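Quick mapping for you: the protein sequence lines, in order, are chains C and P. If you read the first sequence in UniProt numbering, its first letter stands for residue 1, the second for the next number, and so on. If you read the second sequence in UniProt numbering, its first letter stands for residue 1, the second for the next number, and so on.
You can take every hint at face value.
Only pairs whose alpha carbons sit at most 16 angstroms apart, straight line, appear in this in silico EDC-like list of lysine to aspartate or glutamate:
no.	chain 1	residue 1	chain 2	residue 2
1	C	Lys117	C	Glu232
2	C	Lys117	C	Asp226
3	C	Lys117	C	Asp141
4	P	Lys117	C	Asp141
5	C	Lys3	C	Glu176
6	C	Lys117	P	Asp141
Here chain C is said to cover these stretches of chain P; the calculated rule only asks that three of the stretch's residues, wherever they fall, bring their Cβ under 8 angstroms from a Cβ of chain C:
no.	stretch
7	126-135
8	141-154
9	166-172
Keep in mind the hints are simulated off the structure, nothing from the lab. All values derive from a computational prediction rather than experimental measurement. Even for Gly, the Cβ is constructed at its ideal location relative to N, Cα and C.
One letter stands for each residue in the lines below.
Number of protein chains: 2
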Amino acid sequence: MKKMPKALLFDVFGTVVDWRGSITREAQALLAPQGHALDWDAFARDWRSRYQPAMERIRSGARGFVRLDVLHRENLVETLEAFGVTGLAETEIDHLNRAWHRLDPWPDAPSGLARLKRGAIIATLSNGNIALMVNMARHGDLPWDAILGAEVARAYKPQPEAYLRSCEALALAPGETMMVAAHNSDLVAAAATGMRTAFVLRPEEYGDPQHEDAQARGRYDIIADDFHDLAEKLGIAAN
Amino acid sequence: MKKMPKALLFDVFGTVVDWRGSITREAQALLAPQGHALDWDAFARDWRSRYQPAMERIRSGARGFVRLDVLHRENLVETLEAFGVTGLAETEIDHLNRAWHRLDPWPDAPSGLARLKRGAIIATLSNGNIALMVNMARHGDLPWDAILGAEVARAYKPQPEAYLRSCEALALAPGETMMVAAHNSDLVAAAATGMRTAFVLRPEEYGDPQHEDAQARGRYDIIADDFHDLAEKLGIAAN
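Bound-form chain C, shown alone:
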């Protein structure tokens, strides 16, 4: 193992928190009592599937930067329509949209992050906006040193500016930092900016062993089973 990175920068949706399980539960909790009988897991996946295309309009310059909360809400309206859900109050749509602020962490994440924090700065490098990340951290006991990423950088991953400006905010060179993600495309883009990389396996993100992110497909500095395994491989003791 080379020298300890000075900062570990984390992808969040899927890497730190279980968006699929949490959104499935929140959608069912709101809509089932109103008589809707949907495939809740499909509902969650549909909503999530509109995420990359919505950001792509911003990455391409077709639209100016707006926060992820705004994109999530526009996408939710489309998903509700696709599933034939009508008649929700605006406040109910807002409440469901804020389910992204209440995503549950993977079981190892709170204690694993606390452990990793003893060895390096830990910060978010997510496409989620600051308010979303702050509320999620308070909900899930995620002890971030800083909330960085898209809103601070005014650029969405995988644009290089999203990574470079997050490192710069910490006054660190990319090579002094490590990107931690459960997604190959994120790590490939981070590595291209000079960041070191750690792939964390999250097989339950999609629950599909055929999914492209079910295994590491690039050459990464570390491949880990969870955050405690990552700490182990970085040489950060459990206590």
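Based on these hints, arrange chain P on the given structure of chain C.
For chain P alone, coordinates are given in the frame of chain C:
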């Protein structure tokens, strides 16, 4: 007491940490062994006195936005010159400049912030840059939910944008937040944007009972003796 603010936004230098005592100690620790016999407290005050004029050039538009670390270093070179200190290595100047990343908290700050955090989001709204705030928080065990302020807002207090963009990053209206500071001018500017205000007495910041910030000079929502007293007045229990 009105409803609990959703977020408490903190001035940091002087309000959370003791810059004068810390800078005095760091300057002496570096320079005394090299044979310098200065008035260390005067050295710290001189360096700090160059802070507002340096930011003013940016606030006025005479200079584009640069981080406080950059201004601190330029100011340090001037202070060293004013005190006749020559011959320091660039790495020594860098080390002393980073003393701002290692400022010690007032004794009540770590436990007081942990208590306040149970009732509201706590975030920095300082003119200090992100790296400085992150390193200081790790040094002093300051459990911020988020690092906001000048670098995120790209504006220095007391410009209204510094306050407004920090509230906006939390997706909160100014009236849902409270500015916490030991400085009258900061609170007056925050109140003008619609933020609520809490004045915290820090008589040792300057150690001068005649200093303009030795007492509250405006009408604030709360005046507190320290962060535990602030928590008490907000109704946040000690445990």
